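Per this note's numbering: the sequence shown = residues 1 to 692.
Treat the hints as calculated values from the structure; they're not laboratory data.
Since this is a predicted model, take the numbers as computed values, not measurements.
Misleading hints may appear alongside valid ones.
[Said to hold, decoys possible] The following label-pair restraints were derived from C-beta to C-beta distances:
| # | residue 1 | residue 2 | range |
| --- | --- | --- | --- |
| 1 | D240 | I469 | 34 to 40 Å |
| 2 | T337 | D262 | 52 to 58 Å |
| 3 | E511 | K692 | 49 to 55 Å |
| 4 | D530 | H160 | 49 to 55 Å |
| 5 | F151 | D325 | 37 to 43 Å |
| 6 | K335 | A139 | 52 to 58 Å |
| 7 | S634 | D379 | 27 to 33 Å |
| 8 | D262 | A405 | 24 to 30 Å |
| 9 | E13 | S356 | 39 to 45 Å |
[To be verified] Straight-line C-alpha distance at most 30 Å; calculated DSBU-like pairs for lysine-lysine:
| # | residue 1 | residue 2 |
| --- | --- | --- |
| 10 | K581 | K666 |
| 11 | K581 | K630 |
| 12 | K219 | K292 |
| 13 | K264 | K313 |
| 14 | K692 | K581 |
| 15 | K661 | K605 |
| 16 | K335 | K292 |
| 17 | K575 | K630 |
| 18 | K523 | K346 |
| 19 | K313 | K223 |
| 20 | K27 | K223 |
| 21 | K692 | K596 |
| 22 | K72 | K110 |
| 23 | K110 | K27 |
| 24 | K207 | K197 |
| 25 | K72 | K119 |
| 26 | K63 | K219 |
| 27 | K523 | K353 |
| 28 | K207 | K27 |
| 29 | K63 | K110 |
| 30 | K27 | K152 |
| 31 | K335 | K313 |
| 32 | K327 | K264 |
| 33 | K88 | K63 |
| 34 | K507 | K346 |
| 35 | K661 | K494 |
C-beta: ideal position from N, C-alpha, C; glycine also.
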Amino acid sequence: MAHSYLLEVGLEEMPAHVVTPSIQQLKTRVANYLTEERIDFEDIQAYSTPRRLALLISGLADKQPDVDESVKGPAKKIAQDADGNWTKAAIGFTRGQGATVDDIEFKEVKGVEYVYVEKHIQGKPVAEVLAGLNDVITAMNFPTLMRWGSFKLNFIRPIHWLVSLLDDQVVPFDILNVTAGRLTRGHRFLGHDVEIKSATDYVATLKDDFVIVDAAERKATIKDQIQAIVDQHNWVIDWDEELLEEVNNLVEWPTAFAGTFDQKYLELPEPVLITSMKDNQRFFCVRDHDGKLQPAFISVRNGNAVHLDNVIKGNERVLVPRLEDAKFFFDEDQKMTIDQYVDRLKNVSFHDKISSMYDKMARTKALANLLGQQLDLSDQELADLARAASIYKFDLTTQMVGEFAELQGIMGEIYAKRFGENEAVAAAVREHYMPISADGALPQTTVGAVLALADKLDSIYSFFAVDMIPSGSNDPYALRRQAYGIVRMLADRKWHLNLLDFQASAKQAVEQATPALGFDYAKNADAVTDFFIDRLKQLFSLDHLRHDIVDAVTDTHVTDPAAIVEAAHVLDAHKDDADLKDQVEALTRVIRLAAKGNLSEDDVKVDPSLFENPSEGQLDQAVQALIDAKEGRSLDQQFSALLELEPVISLYFEENMIMDKDEAVKNNRLSLLTILADQTAAFGNLDQLIVK
Numbered sequence: 001m002a003h004s005y006l007l008e009v010g011l012e013e014m015p016a017h018v019v020t021p022s023i024q025q026l027k028t029r030v031a032n033y034l035t036e037e038r039i040d041f042e043d044i045q046a047y048s049t050p051r052r053l054a055l056l057i058s059g060l061a062d063k064q065p066d067v068d069e070s071v072k073g074p075a076k077k078i079a080q081d082a083d084g085n086w087t088k089a090a091i092g093f094t095r096g097q098g099a100t101v102d103d104i105e106f107k108e109v110k111g112v113e114y115v116y117v118e119k120h121i122q123g124k125p126v127a128e129v130l131a132g133l134n135d136v137i138t139a140m141n142f143p144t145l146m147r148w149g150s151f152k153l154n155f156i157r158p159i160h161w162l163v164s165l166l167d168d169q170v171v172p173f174d175i176l177n178v179t180a181g182r183l184t185r186g187h188r189f190l191g192h193d194v195e196i197k198s199a200t201d202y203v204a205t206l207k208d209d210f211v212i213v214d215a216a217e218r219k220a221t222i223k224d225q226i227q228a229i230v231d232q233h234n235w236v237i238d239w240d241e242e243l244l245e246e247v248n249n250l251v252e253w254p255t256a257f258a259g260t261f262d263q264k265y266l267e268l269p270e271p272v273l274i275t276s277m278k279d280n281q282r283f284f285c286v287r288d289h290d291g292k293l294q295p296a297f298i299s300v301r302n303g304n305a306v307h308l309d310n311v312i313k314g315n316e317r318v319l320v321p322r323l324e325d326a327k328f329f330f331d332e333d334q335k336m337t338i339d340q341y342v343d344r345l346k347n348v349s350f351h352d353k354i355s356s357m358y359d360k361m362a363r364t365k366a367l368a369n370l371l372g373q374q375l376d377l378s379d380q381e382l383a384d385l386a387r388a389a390s391i392y393k394f395d396l397t398t399q400m401v402g403e404f405a406e407l408q409g410i411m412g413e414i415y416a417k418r419f420g421e422n423e424a425v426a427a428a429v430r431e432h433y434m435p436i437s438a439d440g441a442l443p444q445t446t447v448g449a450v451l452a453l454a455d456k457l458d459s460i461y462s463f464f465a466v467d468m469i470p471s472g473s474n475d476p477y478a479l480r481r482q483a484y485g486i487v488r489m490l491a492d493r494k495w496h497l498n499l500l501d502f503q504a505s506a507k508q509a510v511e512q513a514t515p516a517l518g519f520d521y522a523k524n525a526d527a528v529t530d531f532f533i534d535r536l537k538q539l540f541s542l543d544h545l546r547h548d549i550v551d552a553v554t555d556t557h558v559t560d561p562a563a564i565v566e567a568a569h570v571l572d573a574h575k576d577d578a579d580l581k582d583q584v585e586a587l588t589r590v591i592r593l594a595a596k597g598n599l600s601e602d603d604v605k606v607d608p609s610l611f612e613n614p615s616e617g618q619l620d621q622a623v624q625a626l627i628d629a630k631e632g633r634s635l636d637q638q639f640s641a642l643l644e645l646e647p648v649i650s651l652y653f654e655e656n657m658i659m660d661k662d663e664a665v666k667n668n669r670l671s672l673l674t675i676l677a678d679q680t681a682a683f684g685n686l687d688q689l690i691v692k
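Assemble the whole structure, with the sequences as input and the hints as a guide.
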């Protein structure tokens, strides 16, 4: 008979951002526990509110299946004495297995006989297994933990009640001083304690007590209510999914409502107004059909519509001082100049082991200029880049960013325009933070992209220089994210930058710009390069590239991310070519022999007068034609041209002994192979490719 089981953990209100990951964690842990305990089930439905984490398991088996297993004991020579009598070791082993010496069998394992007994293990009833869920619950981990009372358990919030129902029967277990039963709690203000008669009654019972336990249903209810208000007022809403998720995890019985504020606050920049309402009050902003913000908001209360007018007035009243503060910050910030804000950065620490934020900007400016020259920016772009790099962190010392840190860069752009900077400079101030997440938007302007590269490169170089290198999961300064952003930007714009060479050049540029640097800017350069290669591998994994292709393109001396990415996509495009196996094998044979020859650069010389067979001249001509045509070809065309050499290469190996006894002939042949092998370097180590 299939059963249903309800587990509910009742808590003090959890932080909104913890609710969803916590119920997902509980579901995974319980599913793993049941699997480990050999309890079959069909499905697990997860439910959550700020005050509860619940699971409804359906199709649960009656019991564990019985198991017959062969249990290994001591070796025969230990189990019996010289006369064949059972030793204490044998007797103790069988007793421990609930058997007798009469049940012993001998089995040979790797030439040695051992004692075995066949054991029948009766499956536990499902209720007995479920009673062990207390350990599953208390093993959960959270970003923040607390203790309560005199208890030593660390948990997200104090546990106040537990429900554990197998169909309509309680499966008791204890966590601290709380015993699982059938009593749950309804809405904190509208509901009361209520008994759950049967596991499958859970959702309906709590809905009758003003709790929507299904997070998806609750979110849909919120959206429907908000949309109804929007339609009623002929507004438009840009759904903020992050805010919607947060609000959903703040309420158990949602009721949406609209409020208004004074028109004068619309004079504030939109990001300020939106952030002030979103972050402080969890309000949704609304617009008219022309996209203009309206002096109104929508919020969601945790309760019903009783006395809703009072709730609206209260929310409107609370919003006013928030908007007044924002207006004050905005007005006050404009009483100073950008240069004054920049000067304040001398007293803002980037990191106490590295420098002030002011000095970081000086280093970034040197890198930005170097990048701009290498990436062929126009004179105007270089001028804009220099100006942007001189001021781009200035808004960190404004009052607005001091209050709303998430507006850094955004306010920088707004203030830069108000202080007379041109569009390119202002945009770069905002864009230098981009991308702000692994898959975040990239800078749209050239100046912004170069400044973003320079700023992130400086952060990585600086932290590596003082030996603060990310290890394991430890990356407090988000260097992995910044390196990943650099890789994405270079690949997206097809900007070719040799990272190893650039760091050496950056060291010289930075030391000239900031003589009192205080650390070796190019320290751990190899580790920096490896760090970027790892980020490339991360990028390739998200592109679902084959592992052998990733291994091939990253096993290289090339440190140009854009080139490596392009090479990976070329190899991926050819992975199913019909003749690829023979073609790659021919090229890898060339590569191996060239490596074995290990000729110095000065020794690589091809002398046609030493050719002994026509195939040598044919390969030499083919390689020269390949090199001559390289400049006008795409990387894909270059790879195709390499593959097309297979017949010439194969004939060459058929007719010529590479390691000839004549040293001059041998080196001549190795020189030709070395020149050809060098043409494959752009594609990494082709020997890593798995071709069938």
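Hint-by-hint comparison with the structure:
{"no.": "1", "hint": "D240 / I469: 34 to 40 Å", "verdict": "37 Å, holds"}
{"no.": "2", "hint": "T337 / D262: 52 to 58 Å", "verdict": "30 Å, violated"}
{"no.": "3", "hint": "E511 / K692: 49 to 55 Å", "verdict": "52 Å, holds"}
{"no.": "4", "hint": "D530 / H160: 49 to 55 Å", "verdict": "50 Å, holds"}
{"no.": "5", "hint": "F151 / D325: 37 to 43 Å", "verdict": "41 Å, holds"}
{"no.": "6", "hint": "K335 / A139: 52 to 58 Å", "verdict": "56 Å, holds"}
{"no.": "7", "hint": "S634 / D379: 27 to 33 Å", "verdict": "30 Å, holds"}
{"no.": "8", "hint": "D262 / A405: 24 to 30 Å", "verdict": "26 Å, holds"}
{"no.": "9", "hint": "E13 / S356: 39 to 45 Å", "verdict": "41 Å, holds"}
{"no.": "10", "hint": "K581 / K666", "verdict": "27 Å, holds"}
{"no.": "11", "hint": "K581 / K630", "verdict": "23 Å, holds"}
{"no.": "12", "hint": "K219 / K292", "verdict": "26 Å, holds"}
{"no.": "13", "hint": "K264 / K313", "verdict": "18 Å, holds"}
{"no.": "14", "hint": "K692 / K581", "verdict": "6 Å, holds"}
{"no.": "15", "hint": "K661 / K605", "verdict": "18 Å, holds"}
{"no.": "16", "hint": "K335 / K292", "verdict": "28 Å, holds"}
{"no.": "17", "hint": "K575 / K630", "verdict": "22 Å, holds"}
{"no.": "18", "hint": "K523 / K346", "verdict": "25 Å, holds"}
{"no.": "19", "hint": "K313 / K223", "verdict": "22 Å, holds"}
{"no.": "20", "hint": "K27 / K223", "verdict": "26 Å, holds"}
{"no.": "21", "hint": "K692 / K596", "verdict": "25 Å, holds"}
{"no.": "22", "hint": "K72 / K110", "verdict": "14 Å, holds"}
{"no.": "23", "hint": "K110 / K27", "verdict": "43 Å, violated"}
{"no.": "24", "hint": "K207 / K197", "verdict": "14 Å, holds"}
{"no.": "25", "hint": "K72 / K119", "verdict": "10 Å, holds"}
{"no.": "26", "hint": "K63 / K219", "verdict": "37 Å, violated"}
{"no.": "27", "hint": "K523 / K353", "verdict": "15 Å, holds"}
{"no.": "28", "hint": "K207 / K27", "verdict": "22 Å, holds"}
{"no.": "29", "hint": "K63 / K110", "verdict": "37 Å, violated"}
{"no.": "30", "hint": "K27 / K152", "verdict": "24 Å, holds"}
{"no.": "31", "hint": "K335 / K313", "verdict": "34 Å, violated"}
{"no.": "32", "hint": "K327 / K264", "verdict": "10 Å, holds"}
{"no.": "33", "hint": "K88 / K63", "verdict": "36 Å, violated"}
{"no.": "34", "hint": "K507 / K346", "verdict": "22 Å, holds"}
{"no.": "35", "hint": "K661 / K494", "verdict": "47 Å, violated"}
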